[in-house]
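Here is what each chain is made of, one letter per residue.
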Amino acid sequence: EADIYQTPRYLVIGTGKKITLECSQTMGHDKMYWYQQDPGMELHLIHYSYGVNSTEKGDLSSESTVSRIRTEHFPLTLESARPSHTSQYLCASGGGFGELFFGEGSRLTVL
Amino acid sequence: GESVGLHLPTLSVQEGDNSIINCAYSNSASDYFIWYKQESGKGPQFIIDIRSNMDKRQGQRVTVLLNKTVKHLSLQIAATQPGDSAVYFCAENNDYKLSFGAGTTVTVRA
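Chains P and F, in that order, are what the protein sequence lines are. Residue 1 is where the first sequence starts when you use the numbering used here, and the numbers rise one by one after that. Residue 112 is where the second sequence starts when you use the numbering used here, and the numbers rise one by one after that.
The set of hints was computed from the structure by calculation and includes no laboratory data. A few of these clues could be false.
[Said to hold, decoys possible] One side only, chain P facing chain F, incomplete, derived with CB under 8 Å: (1) TYR5; (2) LYS31; (3) TYR33; (4) ASP38; (5) GLY40; (6) GLU42; (7) LEU43; (8) LEU45; (9) GLY51; (10) VAL52; (11) GLU99; (12) PHE102; (13) GLY105.
We put the CB at the ideal spot given by N, CA and C, even for glycine.
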C-alpha cells in the first residue's frame, strides 16, 4: 500500500482566494508530481520535481506554483483561484524508473 | 475476446472474455511505458510496465505489447472480471517526466 497523502480531499472556495493543496509521502521518493484531471478525462502534468529544491513545469500551462523544500512534501499553491481551476488535482511520487504512486486526489471547486 | 485496433474511449466486454485496450504514444524518445488502472474516486494504480527494449511483458492476467515502429502500446486482460471495470491509462516516460494518454473506460457485462 502506497503512503502518499493529499489534503484536503474536497475544497469549495470563492474566486480570488489563495489555496494550498498539500501532498506528503513517507516512502522517501525523490520524484514527485502534480497532475490535473477532469472527471473521466486524461491526466495533465502541471508540475514535477526530481528532488529537494527541484521544480519543473509540466505540459499543461498552469497558474499554480509548487515548492520542494523537504523530500516528503510537495505543496501546490494557487494565488488567486478562478472557476477555471475547478478540477481534481492528483499528487504522485516515484522512486523507480516511472512507476508512480498516487494519492486519492483533491477535488477543488471554485465558485 | 473484445479488441480494437485504435484507441477508443470506451470498451464493453463480456465477463470471462479477453479485452484489449490500445494506446498511441507520441514521443519516440520515451524509454519506459506503464499502464494504470483508475477506479471511480481513486487515484490511478500501477498495473504493468515495459521498457523500450522489449516488445512484450506478461503479468498476472495482463500482457503489455509494445510496437515502437508505429508508437503503439496495448494492454491485454485475460478472462475479464467485474473488478476490472475501470478507466485504463497508458503513460510514457521520458527522463522521469511521465505523460498520460487518453483513458479507456472498460465496462464488464455480467
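Verification of the supplied hints:
Interface restraint check for TYR5(P): the shortest CB-CB distance to chain F comes to about 11 Å, outside 8 Å, so the restraint is violated. The beta carbon of LYS31(P) comes within 5 Å of a beta carbon in chain F, closer than 8 Å, and the hint placing it at the interface holds. At a threshold of 8 Å, the smallest CB-CB gap from TYR33(P) to chain F is about 7 Å, leaving the interface hint in force. Of the supplied interface hints, the one on ASP38(P) is violated, with its beta-carbon coming no nearer than about 11 Å to a beta-carbon of chain F, more than 8 Å.
Proximity of GLY40(P) to chain F holds as hinted, the smallest CB-CB distance being about 7 Å (cut-off 8 Å). For GLU42(P), the interface hint holds, since its Cβ comes within 8 Å of a Cβ in chain F; the closest pair sits about 5 Å apart. Because the beta carbon of LEU43(P) sits about 4 Å from the nearest beta carbon in chain F, less than 8 Å, this interface hint is met. The beta carbon of LEU45(P) is positioned within 8 Å of a beta carbon in chain F (closest approach about 6 Å), and the interface hint is therefore held.
This hint is violated: GLY51(P) has a C-beta 10 Å from the nearest C-beta of chain F, more than the 8 Å allowed. Taking 8 Å as the C-beta cut-off, the interface hint given for VAL52(P) is violated, the closest approach to chain F being about 15 Å. At about 5 Å, the closest approach between the beta carbon of GLU99(P) and any beta carbon in chain F falls short of 8 Å, and the interface hint on this residue holds. Interface hint at PHE102(P): satisfied, since its Cβ lies 3 Å from the closest Cβ of chain F, which is below the 8 Å cut-off.
Among the interface hints, the one on GLY105(P) holds; its C-beta lies about 6 Å from the nearest C-beta in chain F, closer than the 8 Å criterion.
Hints 1, 4, 9, 10 from the earlier list are contradicted by this structure; the remaining hints agree with it.
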